[in-house]
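Following the hints, position chain B against chain A.
Chains as they are written, first to last, in UniProt numbering: chain A, 1 to 281; chain B, 1 to 261.
The set of hints was computed from the structure by calculation and includes no laboratory data. Check before you lean on any hint, since a few could be wrong.
[As the list claims (entries may be wrong)] Think about it this way: if two alpha-carbon atoms lie no more than 25 Å apart in a straight line, the pair counts; the simulated DSS-like pairs of lysine-lysine are:
#: 1; chain 1: A; residue 1: 172; chain 2: B; residue 2: 72
#: 2; chain 1: A; residue 1: 172; chain 2: B; residue 2: 120
#: 3; chain 1: B; residue 1: 107; chain 2: B; residue 2: 72
#: 4; chain 1: B; residue 1: 120; chain 2: B; residue 2: 107
[Claimed, not checked] Among chain A residues calculated to face chain B with C-beta under 8 Å, some are:
#: 5; residue: 70
#: 6; residue: 169
#: 7; residue: 171
#: 8; residue: 176
#: 9; residue: 178
#: 10; residue: 179
#: 11; residue: 181
#: 12; residue: 185
#: 13; residue: 194
#: 14; residue: 250
Note that CB positions come from ideal geometry on N, CA and C, so glycine has one too.
Now for the letters of each chain:
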Amino acid sequence: MISDAPVLQQTSEPADRSAAPSRLSRYARPLLGVLLPLILAAGWELVVWFGWSNGRLVPPPSRVLAAIADLARSGELVRHIAATLWRVGLGFAFGVVAGTLLGAISGYWSLARRLLDPTVQALRAIPSLAWVPLFILWLGIFETSKIALIAVGVFFPVYLGVMGAILSVDRKIVEVGRTFRLSGFAMIRRILLPAVLPAYVVSLRVGLGLGWMFVVAAELIGASEGLGYLLLDGQQLGKPAQILAAIVIFAILGKLTDWLIEVGAAPFLRWQDAFGRAKET
Amino acid sequence: MLALDRVSKTYPNGVQALARFSAEIRQGEILAIIGGSGCGKSTLLRAIAGLDRASSGTVTLDSEAIASPHSKIGIIFQEPRLLPWLSVADNIGFGLADLPAAERREKVARALERVGLADKAQAWPRELSGGQAQRVAIARALVPQPEVLLLDEPFSALDAFTRRDLQDHLLDLWADTRPTLILVTHDVDEAVVLADRVLVMRPRPGRLFDQIEINLGRPRDRNSPLFENFKRSVLTSLDRSLDRSVPDRDATQGPGQAMWW
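For reference, chain A alone in the conformation it holds in the complex (with noise of 0.2 Å):
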């Protein structure tokens, strides 16, 4: 019995200590994320408050965040804001359908592919800031050249993920489809989207960047509001803060967008084999 009791000791311990880094990393990592930023502002904001800076061209975060509070009373933001996420989320919509639709004819039918691809790699190869002349030319100032715009950043990757993405799909799970007979419109729903998905969800955050990217060069060129209209205006009436406070926004909404799309495809992602997962579980 005397002997017992040591090894009763031993087993529970090790268990214990693995229980509380778990629970403590489940917390603590996301915060570890914001340390940085917290601590460089936080140096900043001392920096000017014992007035080693007047702060006038690089605003203390108080000031940004007086400057954001200024315009959520005025009712001022949510008007900015709304129309940037509006021309984003239309622009987004649009690139990803037709970069969908043809990256996967692309990539599924080899025909389509030499005939289409090079002409769209070959306008890929074009800035598209190239393009904003001809689209205030052909769609006029307003909303529809600034959607265009966005949707020609957000087309190219995701035509380019779907078609790398079903030309990559493993030749031997494809046999495995073949061996139960799939076909045609089987072998896509059974075997290749469920393949591709990962990549796809890839090229549709790259192609989110590439619209909040796009979104600050349309409102730049023209625009009575929104938050690059907010950029443009805190520029010209030197605002440094107002610039800050656009760009903070921009990065709030950039990465909740960004992490939507990454929640809303993690169901779908649970069976990834994937060294991320490993390191994390």
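Coordinates of chain B only, in the frame set by chain A:
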């Protein structure tokens, strides 16, 4: 009966992988095909499976010509080739999509029980060991009850212990419905343990060299002298098949005449 009549395969790059291969395989027979690398074993299997078309010659199953994958023919590959996005149970039920859900569930549950993986039904393929994954692949191929099951070096990627276990397991499963098994292997031990008949092929171009009937009852004792004898005769034949100075056995001659030298 599965009949192969002068099956040849020449690849587009000019390599002749298979030359006039003929054989008849009885329903329920276990046939092992063995031979050096490049002797067209896998090419032959893919032609029977309908995955590749033979350049000439015919494959017929019960007088029905096979040119594309057929519902009565199943195949198990060297790798398990499980679909990573489906659970183990859904992988096993992959070929049963046409059945009503209740019937499918019941068949899958029985197959899972049969391969001893009932507790893994909801696991992902990535969570299985190599042996477990190959057992799922076997269950997936057997659950639609094929008349012919093709196995392309199915256990060659496994360790010796797991391989023996799975060989016994395969025989056990075979006894349920007694499908025809055609097993491509490079493992003499495996061929003699499993097969009623061993076909030895010789390479460049791949063709039939010799056949050896394994007249041993089951279960077979891997350590019995008789087992060793059969192993030795397969090995000898295999050695001769790789020796270029040995002429081909003429297809028109009987087995006795083949030994004329």
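Against the structure, the hints come out as follows:
| no. | hint | result |
| --- | --- | --- |
| 1 | 172/A / 72/B | holds, 21 Å |
| 2 | 172/A / 120/B | holds, 24 Å |
| 3 | 107/B / 72/B | holds, 17 Å |
| 4 | 120/B / 107/B | holds, 15 Å |
| 5 | 70 | violated, 50 Å |
| 6 | 169 | violated, 12 Å |
| 7 | 171 | violated, 10 Å |
| 8 | 176 | holds, 5 Å |
| 9 | 178 | holds, 6 Å |
| 10 | 179 | holds, 5 Å |
| 11 | 181 | holds, 5 Å |
| 12 | 185 | violated, 13 Å |
| 13 | 194 | holds, 4 Å |
| 14 | 250 | violated, 35 Å |
Hint violations for this structure: numbers 5, 6, 7, 12 and 14, all remaining hints satisfied.
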